[in-house]
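S.K.: Start from chain F and add chain H with the ligands according to the hints.
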Amino acid sequence: MLDDLSRYLGSESTRQLIVDQLVQHVELALLPLVVGVALAIPLGWLAQRHPLLRTSLLGVANVVYTVPSLAFFVVIPGVIGTQILAPVNVIAALSVYTAALLVRPVVDALDAVPGHVIAAATAMGYRPLRRFLAVELPLAVPVLTAGVRVASVSNISLASVGALLGIGGLGALFTSGFQTSYLPPIIVGIVLVLALALVVDLVLVGLRRLLTPWARAGGAR
Amino acid sequence: MIEFRAVTKRFDDGTVAVDNLDLSVAAGTITVFVGPSGCGKTTSLRMVNRMVEPSSGTILVDGVDVRGVNPAQLRRGIGYVIQQAGLFPHRTVLDNVATVPLLSGWTRRRARARAAELLELVGLPAELGARYPVQLSGGQQQRVGVARALAADPPVLLMDEPFSAVDPVVREGLQDELLRLQAELDKTIVFVTHDIDEAVKVGERVAVFRQGGRLVQYAGPDELLARPADDFVSSFVGRDRGYRRLSFVDGGGIEPAEVPTTRETALATAERAPDAWTLVLDEEDRPRGWLPPRSGPAEEAPGGGVRPGGSLYTRGTPLRGALDAALSSPSGLGVVVDEDGRYAGAVSAEEVLAAIRRRRDEAGAGAGGAA
Ligand SMILES: Nc1ncnc2c1ncn2[C@@H]1O[C@H](COP(=O)(O)OP(=O)(O)OP(=O)(O)O)[C@@H](O)[C@H]1O
Ligand SMILES: [Mg+2]
Chain F
1 MLDDLSRYLG
11 SESTRQLIVD
21 QLVQHVELAL
31 LPLVVGVALA
41 IPLGWLAQRH
51 PLLRTSLLGV
61 ANVVYTVPSL
71 AFFVVIPGVI
81 GTQILAPVNV
91 IAALSVYTAA
101 LLVRPVVDAL
111 DAVPGHVIAA
121 ATAMGYRPLR
131 RFLAVELPLA
141 VPVLTAGVRV
151 ASVSNISLAS
161 VGALLGIGGL
171 GALFTSGFQT
181 SYLPPIIVGI
191 VLVLALALVV
201 DLVLVGLRRL
211 LTPWARAGGA
221 R
Chain H
1 MIEFRAVTKR
11 FDDGTVAVDN
21 LDLSVAAGTI
31 TVFVGPSGCG
41 KTTSLRMVNR
51 MVEPSSGTIL
61 VDGVDVRGVN
71 PAQLRRGIGY
81 VIQQAGLFPH
91 RTVLDNVATV
101 PLLSGWTRRR
111 ARARAAELLE
121 LVGLPAELGA
131 RYPVQLSGGQ
141 QQRVGVARAL
151 AADPPVLLMD
161 EPFSAVDPVV
171 REGLQDELLR
181 LQAELDKTIV
191 FVTHDIDEAV
201 KVGERVAVFR
211 QGGRLVQYAG
221 PDELLARPAD
231 DFVSSFVGRD
241 RGYRRLSFVD
251 GGGIEPAEVP
261 TTRETALATA
271 ERAPDAWTLV
281 LDEEDRPRGW
291 LPPRSGPAEE
301 APGGGVRPGG
311 SLYTRGTPLR
321 GALDAALSSP
331 SGLGVVVDED
341 GRYAGAVSAE
351 EVLAAIRRRR
361 DEAGAGAGGA
371 A
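As you go down the protein sequences, you meet chains F and H in turn. Using full-length UniProt numbering, the first residue of the first sequence is number 1, and each one after it goes up by one. Using full-length UniProt numbering, the first residue of the second sequence is number 1, and each one after it goes up by one.
Chain F extracted, bound-state conformation (with noise of 0.2 Å):
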């Protein structure tokens, strides 16, 4: 077995082989991770100013996320006007993902911003674009991390099933593991997804505690 996984590590190409398919999974993951949460907190704060808006939105949320993800790969091209095997579907299926699993956290971490707090800055003067970027947002920070983790474990895993469309990403190693009955590709692709999830998720973690000084101080939070 191990045998097996130092021959198969051992050729030159082979392991070209996992590392492009490594960059080309965090890019599957990660950049749909990065437009969503553009995408969701825009939406969230639409969503927390007008009820009506809210309700909409957080219902179309929800049954988005319960689309199949593999549905939605086959689906997006037609509305995207792209070719089926291109990467960008997988990118826009999971940027609406991430969008759809994280409008309910900002909605929430807003909700949550004391009410005594907002007023305060409009009182002092902020305009209501201003007050949101520098008042609202940055107190929103906490209970949105814990959201972005949550859809970044979830994009990481979902990735993989690009392979399935002919998309490369360490999902390839699975299928082609699968396809050969060869253990070790499937292995190596598996290690990777998982190491992968945990150094994002202790980036996310790192930069939290870099945006949010305030929230350990003096224990409170």
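Be careful, since some hints might not be right.
[Said to hold, decoys possible] To be clear about the criterion: a stretch of chain F counts as covered by chain H if any three or more of its residues have a C-beta under 8 Å from a C-beta of chain H, and this derived list gives those stretches:
#1 115-121
#2 134-141
[Unchecked claim] A few chain H residues facing chain F, derived, Cβ under 8 Å:
#3 N49
#4 A72
#5 Q83
#6 Q84
#7 G86
#8 T99
#9 L103
#10 W106
#11 L128
#12 Y132
#13 K201
#14 S328
[Said to hold, decoys possible] With the C-beta cut set under 8 Å, the calculated list includes, among others, these residues of chain H facing chain F:
#15 R76
#16 V134
#17 S137
#18 S164
FYI, nobody ran anything at the bench for these hints, they're computed from the structure. For glycine and all other residues, C-beta sits at the position ideal for the given N, C-alpha and C.
M.R.: Showing chain H with the ligands alone in chain F's frame:
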């Protein structure tokens, strides 16, 4: 100067929060809006800086109709202190105070220098500037709130129940500080509270509102206490003033009664009254606790029958202490002690209340003259 001219605010749901308000606040004075919850104080205040728009009528600040001024611009020139301080939890104290100068385009360095000055002005040590608001006490947070409102040196200051979230002792300190600051700064201040004591203490003029957003009396504090305009004002003023007097009135009106006592050292052989509580005293006559009626020392572990006493009331101190002593005592009798802490008698809550009632009646009769 701030002028309300026939200002009415009717919310979308039909609630009339402010009803045809005509009032002018003189420049350089502290004017207090006081009244029960929901009488439209906050709404009136927020119409000045356009956080709420009036349904009809006009508000002028220094002769300028506020509707003609861009809201954000207007607000940067009007300090606002909100209940619970409303500090930004994610910014240090110094940066909280620097908020308005930064919004008005000052450089960060200059804004922070100004903020540091203000911390000093409101009596906070400079080290606190680096902390986050959660790391401050309630009273300190309120001071930061005041400093933040003053940062850009606005001529007008709106304060919405700024001290209501802190305990009474701290509150008095903050009130004194406000008066000291005002003597120095000479701002035009509108101060909202529902506490009549606070109103007459800090206000040069007091506007009493009642439910439905109606102004019932607008006068100096003396006149308000001496000549309430109607029953509403007199009950509002009278009721709270009674409580206030309770903290000042000495206990001369109560007569401590004798109760059965016993020495701590003689507990084992002590004679107890069959149906009265017995007060246990130490060698120096200081109260140690109470023995319940009919509890034989033989049935109890040594000293076990003694119940800890409540708070003690020192003769001659405010009546409030006597009430506390009576209510916290297991026997229902508050122990009265002299200045040296020696037993002097006991009073029941009923007696204290009767004394308070007598005092209040006297106070009510004398209010016109005293004020
Ligand atoms: N946005 C709003 N929509 C509808 N009604 C409101 C709104 N804001 C305030 N009110 C109502 O207007 C009335 C006056 O409210 P306001 O907040 O001015 O009272 P207040 O005197 O400041 O009371 P408190 O002492 O409790 O702060 C209340 O009956 C309140 O319920
Ligand atoms: Mg109010």
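S.K.: For each hint, tell me whether it holds in the structure or not.
M.R.: Structure-based check of all given hints:
1. 115-121: It holds, with 5 qualifying residues against the three required.
2. 134-141: It holds, with 3 qualifying residues against the three required.
3. N49: holds (6 Å)
4. A72: holds (5 Å)
5. Q83: Result: holds, 7 Å to nearest chain F Cβ.
6. Q84: holds (5 Å)
7. G86: With a closest approach of 3 Å, the G86(H) hint holds.
8. T99: holds (5 Å)
9. L103: Where the cut-off is 8 Å and the nearest Cβ of chain F is about 5 Å from L103(H), the hint holds.
10. W106: violated (13 Å)
11. L128: L128(H) check fails; min Cβ-Cβ to chain F is 12 Å, beyond 8 Å.
12. Y132: holds (4 Å)
13. K201: violated (24 Å)
14. S328: violated (32 Å)
15. R76: holds (4 Å)
16. V134: Nearest chain F Cβ about 4 Å off; hint holds.
17. S137: Check failed: Cβ of S137(H) comes no nearer than 11 Å to chain F, outside 8 Å.
18. S164: Given a least distance of 12 Å, the restraint on S164(H) is violated.
Hints 10, 11, 13, 14, 17 and 18 from the earlier list are contradicted by this structure; the remaining hints agree with it.
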